[in-house]
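A.B. asks: Okay, here's what each chain looks like letter by letter:
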Amino acid sequence: MSLPSTRNDSFHAGPGFQEALYRWVSDWGELVVDAMLTLGDMAIFAGKMFLWLFTALPRKGTILPNFYHVGVLSLPVVALTGTFIGMVLANQSYTQFRDLGLESRMGGVINYSLVRELGPVLAATMLAGRVGSAMAAVLGTMRVTEQIDALISMGADPIHYLVVPRFLACILLIPALTIMADFMGIVGGYFYAVVMLGLDHYQYLNNSRNFVSGWDFFAGIFKSFFFGGIIAVVSCYRGFNCQAGAEGVGRAATAAFVFSFVLILGIDLMLNIFLESVFRTFWPHGGSKLI
Amino acid sequence: MSADAAQNSMDPTGLANQVRPRIELRDMTLKFAKQTILNHINLTIPSGQTVVIIGESGCGKTMLLKSIVGLVAPTSGQVIYDGQDIGRMNDVEMTGLRRKFGFVFQNAALFDSMTIGSNVAFPLVQHNIAKGRQLERMVSERLAEVGLPENVSFKRPAELSGGMRKRVGIARALILNPELMLYDEPTTGLDPIMSDVINELMLRTRRDPSVTSLIITHDMRTARKVADRVVMLYPFARLKKGENQIIYDGPPAGLDSSDDRRVRQFVEGEAGERLMELRRKEFDGFHETPMLADKYSS
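Chains as they are written, first to last, in the working numbering: chain A, 1196 to 1486; chain B, 1003 to 1300.
Among the hints, a few may not be true.
[Said to hold, decoys possible] Residues of chain B clear of chain A, computed beta-carbon distances all greater than 10 Å:
id, residue
1, Asn1044
2, Arg1100
3, Arg1101
4, Gln1108
5, Ser1115
6, Gly1119
7, His1129
8, Asp1230
9, Ile1248
[To be verified] Beta-carbon label-pair distances, calculated as ranges:
id, chain 1, residue 1, chain 2, residue 2, range
10, B, Thr1031, A, Val1220, 48 to 56 Å
11, B, Gly1060, A, Leu1234, 29 to 37 Å
12, B, Asn1092, A, Pro1210, 52 to 60 Å
13, B, Gln1267, A, Leu1460, 54 to 62 Å
14, A, Leu1226, B, Ser1163, 40 to 48 Å
15, B, Ala1160, A, Arg1254, 21 to 29 Å
16, A, Leu1246, B, Asn1130, 16 to 24 Å
17, A, Lys1243, B, Arg1022, 30 to 38 Å
18, A, Met1231, B, Leu1241, 55 to 63 Å
19, A, Val1220, B, Asp1114, 41 to 49 Å
20, A, Val1228, B, Pro1211, 51 to 59 Å
21, B, Asn1130, A, Pro1479, 39 to 47 Å
22, B, Gly1098, A, Gly1440, 32 to 40 Å
23, A, Ser1221, B, Ala1075, 28 to 36 Å
[What the hints assert, rightly or not] One side of the interface only, derived from the structure: several residues of chain A facing chain B at Cβ under 8 Å:
id, residue
24, Gly1224
25, Thr1340
26, Glu1341
27, Asp1344
28, Ser1348
29, Gly1350
30, Ala1351
31, Gln1438
32, Leu1470
33, Val1473
To be clear, the hints were calculated from the coordinates, so they are not data collected in a lab.
For glycine and all other residues, C-beta sits at the position ideal for the given N, C-alpha and C.
Produce the entire structure from the sequences given, and follow the hints as far as they go.
C.D. replies: Below you can see the structure in the form of structure tokens.
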């Protein structure tokens, strides 16, 4: 008497299944290897950029145009979006805070969120969208039209000539843009909460003063330097490694924004954890957070 | 191997015996991923010679030029310039060497963000050679030399025609009085008159005996007019086993009477066997499509 088979006959791991499994493992392996190669390549690119940054002054005439594009031209859009974010935050939190009878505390929550998180991330997002994509597109076009090759053939280093000024513009001006986003967000939130919703002016500001400290402001600005660096390195790298043709330039611009944005959010989380642990080390009982 | 290829003894014009070599490509191979672009290329170019490189699109002409300037690193072999292996040079040495080169890119590769004047002045500024009035004077002189008016220097590259951009590219390449001029398809996309203007400009640089020129072109008029020597490359993928990638190396006058049919067909602009080959490939790829099979079998 034969024993009943425990094998499920409806599932047969034949050559087709094995082939599909191999293909699945191979595809994922290829993806991981590609991602590691890109990260390594980007690290080498950033290393070269830092080497130039600390060993030679940027070329005359390359700094001011980049500062103008990154700083001055980004200011209106950052200010406008900052204002709306402050107003939307006030609008969204009002209903919930009113139900809890805590609407007088809104000022603290809105301004804390803006200064600590929304202001820096919003300014960085706007910069990645407006400036990062443009950088990738410009450098990508220079790559496909052989302008980068022309630079090299004339004895100029393209990283020194093109990347260093853009990096400096991003890391030095993003704190200013963050301050603008913070300020306009606070103004927008105040306007919506106090002027439009009729909350008490004194309570709104007093709660803000109690909740938001100099440390929170510092944390936001500190993070923005990293965001600026990420935008410059990722966007320039994508532009330098652009594929041929109009489609290649378009892809480089899109990839620059997407990669920058994902990295900004990832680094934001890590920096928040780091800053929190620093704060707990220096002020284990909470303290007044600098001011 | 054809008789022309067999005489690929580095320099068929015999100039190499009289003048020291400016450039030597020794057994140079260039591969991208798994694709071989250039295969064991040996080429010696004496100082003062004007060499025109011809060949089908995709045969590796531009890559050969770029490997000489160090824009592309050969997979194996050596690129020797004035007796120095450029593959062994560090960045500083390479930058110094590039001051001796003038490269005219296929589409001029002018910097869009700069004016024409700044484009032409770029090498002088980059190497701190001139500034102020002296810089302006040198730029004006070069622009005049290529037949462009002085007011062009305030315009942007986008405001100029293709021919004018090419001439600006030549002015920029010439501004450091280079020892080696490299032209990548300088007359492509230009009308015959403008092509001849560019040819004349190239001939003018040839008058200086110390200037060596390498010109890539598909334009046989240009090749015949400016070349001391013509080198024809054949795409590696279509070579027979063991065949040399340089299928012609000799004076321009010998092109028409070459033993190699591929050289004569290229010079005369006849698709000939190439067309048959393309049709065969298309037919093989679509042999199951009855309509296409009928079309080619008839």
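A.B. asks: Evaluate each hint against the coordinates.
C.D. replies: Evaluated hints:
no.: 1; hint: Asn1044; verdict: holds (24 Å)
no.: 2; hint: Arg1100; verdict: violated (4 Å)
no.: 3; hint: Arg1101; verdict: violated (6 Å)
no.: 4; hint: Gln1108; verdict: violated (7 Å)
no.: 5; hint: Ser1115; verdict: violated (8 Å)
no.: 6; hint: Gly1119; verdict: holds (13 Å)
no.: 7; hint: His1129; verdict: violated (6 Å)
no.: 8; hint: Asp1230; verdict: holds (23 Å)
no.: 9; hint: Ile1248; verdict: holds (24 Å)
no.: 10; hint: B:Thr1031 x A:Val1220: 48 to 56 Å; verdict: violated (34 Å)
no.: 11; hint: B:Gly1060 x A:Leu1234: 29 to 37 Å; verdict: holds (33 Å)
no.: 12; hint: B:Asn1092 x A:Pro1210: 52 to 60 Å; verdict: holds (54 Å)
no.: 13; hint: B:Gln1267 x A:Leu1460: 54 to 62 Å; verdict: holds (60 Å)
no.: 14; hint: A:Leu1226 x B:Ser1163: 40 to 48 Å; verdict: holds (47 Å)
no.: 15; hint: B:Ala1160 x A:Arg1254: 21 to 29 Å; verdict: holds (23 Å)
no.: 16; hint: A:Leu1246 x B:Asn1130: 16 to 24 Å; verdict: holds (21 Å)
no.: 17; hint: A:Lys1243 x B:Arg1022: 30 to 38 Å; verdict: holds (36 Å)
no.: 18; hint: A:Met1231 x B:Leu1241: 55 to 63 Å; verdict: violated (37 Å)
no.: 19; hint: A:Val1220 x B:Asp1114: 41 to 49 Å; verdict: holds (46 Å)
no.: 20; hint: A:Val1228 x B:Pro1211: 51 to 59 Å; verdict: holds (53 Å)
no.: 21; hint: B:Asn1130 x A:Pro1479: 39 to 47 Å; verdict: violated (57 Å)
no.: 22; hint: B:Gly1098 x A:Gly1440: 32 to 40 Å; verdict: holds (35 Å)
no.: 23; hint: A:Ser1221 x B:Ala1075: 28 to 36 Å; verdict: holds (30 Å)
no.: 24; hint: Gly1224; verdict: violated (18 Å)
no.: 25; hint: Thr1340; verdict: holds (6 Å)
no.: 26; hint: Glu1341; verdict: holds (4 Å)
no.: 27; hint: Asp1344; verdict: holds (5 Å)
no.: 28; hint: Ser1348; verdict: holds (4 Å)
no.: 29; hint: Gly1350; verdict: holds (4 Å)
no.: 30; hint: Ala1351; verdict: holds (5 Å)
no.: 31; hint: Gln1438; verdict: violated (13 Å)
no.: 32; hint: Leu1470; verdict: violated (39 Å)
no.: 33; hint: Val1473; verdict: violated (40 Å)
Consistency note: the structure conflicts with the earlier hints numbered 2, 3, 4, 5, 7, 10, 18, 21, 24, 31, 32 and 33.
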